[in-house]
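Engineer: Residue numbers (the working numbering), protein chains in the order written: chain A, 1 to 116; chain B, 1 to 115.
In short, the hints are calculated from the structure, not lab data.
One or more hints might be untrue.
Simulated restraints, written as ranges between beta carbons of each label pair [claimed, not checked]:
{"no.": "1", "chain 1": "B", "residue 1": "Ser115", "chain 2": "A", "residue 2": "Gly16", "range": "47 to 57 Å"}
{"no.": "2", "chain 1": "B", "residue 1": "Ser14", "chain 2": "A", "residue 2": "Lys55", "range": "31 to 41 Å"}
{"no.": "3", "chain 1": "B", "residue 1": "Ser14", "chain 2": "A", "residue 2": "Asn70", "range": "44 to 54 Å"}
{"no.": "4", "chain 1": "A", "residue 1": "Cys13", "chain 2": "B", "residue 2": "Pro7", "range": "17 to 27 Å"}
Just so you know, even glycine gets a beta-carbon here, dropped at the ideal spot from N, CA and C.
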Amino acid sequence: GAVVSQHPSRVICKSGTSVKIECRSLDFQATTMFWYRQFPKQSLMLMATSNEGSKATYEQGVEKDKFLINHASLTLSTLTVTSAHPEDSSFYICSAGTSGGGNIQYFGAGTRLSVL
Amino acid sequence: AQSVTQPDIHITVSEGASLELRCNYSYGATPYLFWYVQSPGQGLQLLLKYFSGDTLVQGIKGFEAEFKRSQSSFNLRKPSVHWSDAAEYFCAVGRANQAGTALIFGKGTTLSVSS
Numbered sequence: 001g002a003v004v005s006q007h008p009s010r011v012i013c014k015s016g017t018s019v020k021i022e023c024r025s026l027d028f029q030a031t032t033m034f035w036y037r038q039f040p041k042q043s044l045m046l047m048a049t050s051n052e053g054s055k056a057t058y059e060q061g062v063e064k065d066k067f068l069i070n071h072a073s074l075t076l077s078t079l080t081v082t083s084a085h086p087e088d089s090s091f092y093i094c095s096a097g098t099s100g101g102g103n104i105q106y107f108g109a110g111t112r113l114s115v116l
Numbered sequence: 001a002q003s004v005t006q007p008d009i010h011i012t013v014s015e016g017a018s019l020e021l022r023c024n025y026s027y028g029a030t031p032y033l034f035w036y037v038q039s040p041g042q043g044l045q046l047l048l049k050y051f052s053g054d055t056l057v058q059g060i061k062g063f064e065a066e067f068k069r070s071q072s073s074f075n076l077r078k079p080s081v082h083w084s085d086a087a088e089y090f091c092a093v094g095r096a097n098q099a100g101t102a103l104i105f106g107k108g109t110t111l112s113v114s115s
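Construct the complete structure from the given sequences, taking the supplied hints into account.
Structural biologist: Below, the structure written as structure tokens:
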């Protein structure tokens, strides 16, 4: 099956620093990638949709200047949490979709971000 | 508005017993429906999906789900649960997005398996 690699799996940073999370589709080209956020014992909330070569589409309430998304190629999307604060601590999960087959999404293993 | 409801927050099943996890959705058109499983600290693994056709779909690990349009439901079933099935289960519905199908998730059901 399709594999999505997400890195790092865990990151601890100081308040005010920026953190970059990478999401790679390893064996397929992803026309679309999605970024979700998951709070403890909660569901996944869609943050944004990124398409290769164009600007990301952010969900209502998500600060685009806070969560920078870059989808530079068909296999890589990055999420940068800028000037991170403790309230940004969460589990971030990316998924990659293909244009065919009903747009099934394949998920990365997630990144646990802890901001001190 | 599109939404997914998983009425059961936590279910405990004896090993070897049957399992049914409930999922109801609200959607304006024919939905794409999915069940995912998440182990602690991990990403999501697709168990099965429904797009069209036969309303009873088979998935991996012995799971199946039945789409019932009249009830707006997509319940997940397994005839005999194994201890390794203990995890978080999410039902999701796909909606048309600007570029691809973003998913709306239910809040999840935690499955515990007792021996």
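Engineer: The structure should be examined with respect to each hint, and the outcome stated for every one.
Structural biologist: So, going through the hints one by one against the coordinates:
For B:Ser115 paired with A:Gly16, a C-beta distance near 48 Å keeps the hint of 47 to 57 Å intact. Checked against the hint of 31 to 41 Å, the pair B:Ser14 and A:Lys55 fails, with Cβ atoms roughly 51 Å apart. Between B:Ser14 and A:Asn70 the beta carbons are some 48 Å apart, a value that agrees with the proposed interval 44 to 54 Å. At about 38 Å, the beta-carbon gap between A:Cys13 and B:Pro7 misses the expected band of 17 to 27 Å.
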